[in-house]
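Protein chains in written order, with my numbering: chain A, 74 to 533; chain B, 144 to 174.
These aren't lab readings, by the way, just hints derived from the structure by calculation. Please note that the accuracy of each hint is not assured.
[What the hints assert, rightly or not] Just some of the chain A residues that point at chain B, by a computed CB distance under 7 Å:
1) Leu114
2) Ala128
3) Phe131
4) Ile139
5) His171
6) Gln175
7) Ile176
8) Val179
We put the beta carbon where it would ideally sit given N, CA and C, even for glycine.
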Amino acid sequence: MLFTVGGAVLPRSEQAARRSESSVYTARGALWVIIYLLFVLAPMFALLFGAHPPARAFWTEFSVAIGYAGLAIMGLQFGLTARFRYVTEPWGEDVIYHFHRQISLVAVALVIAHPIILFIIRPELLALLNSITAPWRARFAALSTYSLIAIVVMALWRTKLRLSYEAWHISHVVLAVVAVVAGIAHMVGWSFYFGDPWKRWLWIALTAFWLGLLVYVRIFKPLFVLRRPYRITEVRKERGETWTLLMEPEGHAGLRFRPGQFGWLTVYGSPFKVSSHPFSFSSSAAKGDGKVAMSIRKLGDFTSKIDEVPVGRRVYLDGPYGAFTIGHPADMHVLVAGGVGITPMMSMLSTLADEGDKRPVVLLYGSKTWDDITFREELEALKARLNLTIVHVLENPPEGWTGERGFIDAEVLGRHLPPPYGEHEYFICGPGVMMDAVESALAELHVPISKYHSERYSFV
Amino acid sequence: MRRRLADELVFATGAIVIVMSAFFAFLRAFR
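Okay, chain B solo, but in the shape it has when bound (with noise of 0.2 Å):
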């Protein structure tokens, strides 16, 4: 059940990657 909690560790950790770096690029680009 713990290991299902670090899945979900994960899956979040790659969300927020991917949004915070969509946020950098946007930033970027229309800045």
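Okay, chain A solo, but in the shape it has when bound (with noise of 0.2 Å):
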């Protein structure tokens, strides 16, 4: 395979170094992964070094093994969201959250069995749900559990239960600190395990740590961004219901990002309010001069007044962030999007444009009309800078249309991409619903995983 920048072969030290940083990636990955079980795993285990209490029969050892490991996920929970750039590049930031989401159902499973098993194995302990007469030890563990499940069904009920992000947001924290709180407040009352004082200091260093980390993520990090503000310098209407914010730095050089990234925009108020939201780049990152614009669509909470914010507004932007970005090794591009998602395409062309890349690229773009297509005369025109080949594929097409109609599907990307498809390199942005059918029709075209990349925009 030649990889080929500007219509050129790339040298072959290039090459090789696209590769390794690939491979990097993925042993940075599994060595997180690693690190994640032991800070899992370790602290339960260091409890069986030094002086030991009473064998006690499995299934309570076993109650209290999970009781300990749900204790810990929950804690960790709190290092997932932080937003550390370093741990979360291998994965993209959508995937750690989505992995946030899915591990703290294993975290309630197993802090909700940790009472359950010991409810059937010793009936007697049921007492301990009265909480008035209960021992503060029990009434701590009860406090954690409830948060949790709180947690729980906040987190999975926002919309239905007509919590605003902002609100779903503090009481979500708040809850998060209660739940790891207690539980830890829980054990240290209890104290089985902890005859060495040095355990019990462990675990407590260990929630000191996991708290740490909220306030890494609530207090240094929105210091720094508080530091580095940004003022709107226009507002431009797009089509599609789509306002693109341009924003440059104000007293310092601005942050460098990839094409694809995103970052954390907050417009009103500061930057350690929880009312930041994700938004992709739209413009080049080959630029330079430190401006950066964010085009974002009206869907609802704060984009719905997106169209209001007033020219001049400082605003803060925390970033970038995201695995979404090109510059691997690749014979072409193919970028597929629909709707919305178009913005990190649209950066990702402007920065191939302004690097002089040749190498062909393939837009599929879905939108529901003609009109809605937003960016459609930009990408018109970039067609004069690049080897860019654009298919729209319409879901409600005019009278007379003879492009693409519907969604894109292995059908749509069969008839317009030319094989061997597994060489392309794939970006894929928009809904969840046409991200899925993408993914699956890639399978289908037997295009390796390690191929193509994937961003959902809604993984908050």
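From the two separate chains plus the hints, produce the assembled complex.
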């Protein structure tokens, strides 16, 4: 396979560098999985060292062990959402948040199974459920469990409960702190395994570390962001109920991002408020002047008033984040966008154009109607600077439309992409249903998983 | 697809945690 940039074959050293970059990412990803498991299991197994309390029945010990593991997983949730770029890079932020959500269900199952097993083997412990007569250590356990259940209910049914994003976010953080602190208070109160004081301090230090991660993301990170403000220089109306915010750095050089990455934007209030929202950069990453653009579609919540953002307003930007970015070895790029999923693609295309990249690019772009196509004219203009083929797929095409209609599926991909399909680099961004369909279609075309990258824009 | 990978990681983590908890309990109860 030949890797080319600007029509020229990349030197062998560059090809090797790009290949080794992706294996470094894989190795880093695997390393973080091992570290994660160590943080979950090591504190529990540390209890086996030193002085031992008297042995108990297997199921009692098993229930206690899953309680410890559940608590450790809960604590590590603060780390998963701490936006450590080095940790999230190999996976992509959306995958990390997906893992955060799914693993919380495992933690809740473990924490709830812990007392249930105890109640089955020792029914007299059911009396501890009465929080009026129960000792404090049992009250803390109940508080921790109820908080956890509340977190899950509010996260799964936020929209049905009609909770605003901000109200949900604040209660999510508060309940998470209560669940973890009450969990450790329950453990310390029981003190069965804490015959050696260092074991108690190990778990207390671990809790302090988990809460420290929260302090980092809620206090230290916002402080850094506060010192690097941006100013809105233009609010531009685009097609398809989308507005582009152009921003320039105020008193600093700005951030450097890779095309396809995103940032957390705070338009109203300070970065200390939980009102930041993730949006992809839509401007070229090759300009180097520090100016950035984000294109935002009205989809509800904060975005419904995006057109009212005044020019000149000071805003805050935390970023860049995300692994959804070009720069991998490829003979051609295939970009598959649905709706506002075009924004990271716009950044990729502008960057490729600015870099003078002559490799072929195919953009498959699904929209509702012809008039709804965000960046329609800008994309046409990019054809003059890139080896770009655009395939519009319209849900409701106008009369006389001869192009693709419906949704992007395996047939559409097969009609517009030249084989060998497995040699191209694919980028997919759009609504969940479209992404599932395209990912399945690529699997049908035998495209290896390493050759396609996807990002879901609703991951919070 | 990467999400499917994340789902598999969640499943693997859950399974490892349960097996290791059983191992912990075994060491405590039968040693």
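Now the hints, each set against the structure:
Interface hint at Leu114 (chain A): satisfied, since its Cβ lies 5 Å from the closest Cβ of chain B, which is below the 7 Å cut-off. Given the 7 Å rule on beta carbons, the hint for Ala128 (chain A) holds: about 6 Å separates it from the nearest Cβ of chain B. At a threshold of 7 Å, the smallest CB-CB gap from Phe131 (chain A) to chain B is about 4 Å, leaving the interface hint in force. At about 5 Å, the closest approach between the beta carbon of Ile139 (chain A) and any beta carbon in chain B falls short of 7 Å, and the interface hint on this residue holds.
Against a cut-off of 7 Å between C-beta atoms, the interface hint on His171 (chain A) holds, since the closest Cβ of chain B lies about 5 Å away. Satisfaction of the interface hint for Gln175 (chain A) is found here, the shortest Cβ-Cβ separation to chain B being roughly 4 Å, below the 7 Å cut-off. Among the interface hints, the one on Ile176 (chain A) holds; its C-beta lies about 5 Å from the nearest C-beta in chain B, closer than the 7 Å criterion. Hint status for Val179 (chain A): holds, given a least beta-carbon distance of 4 Å to chain B, under 7 Å.
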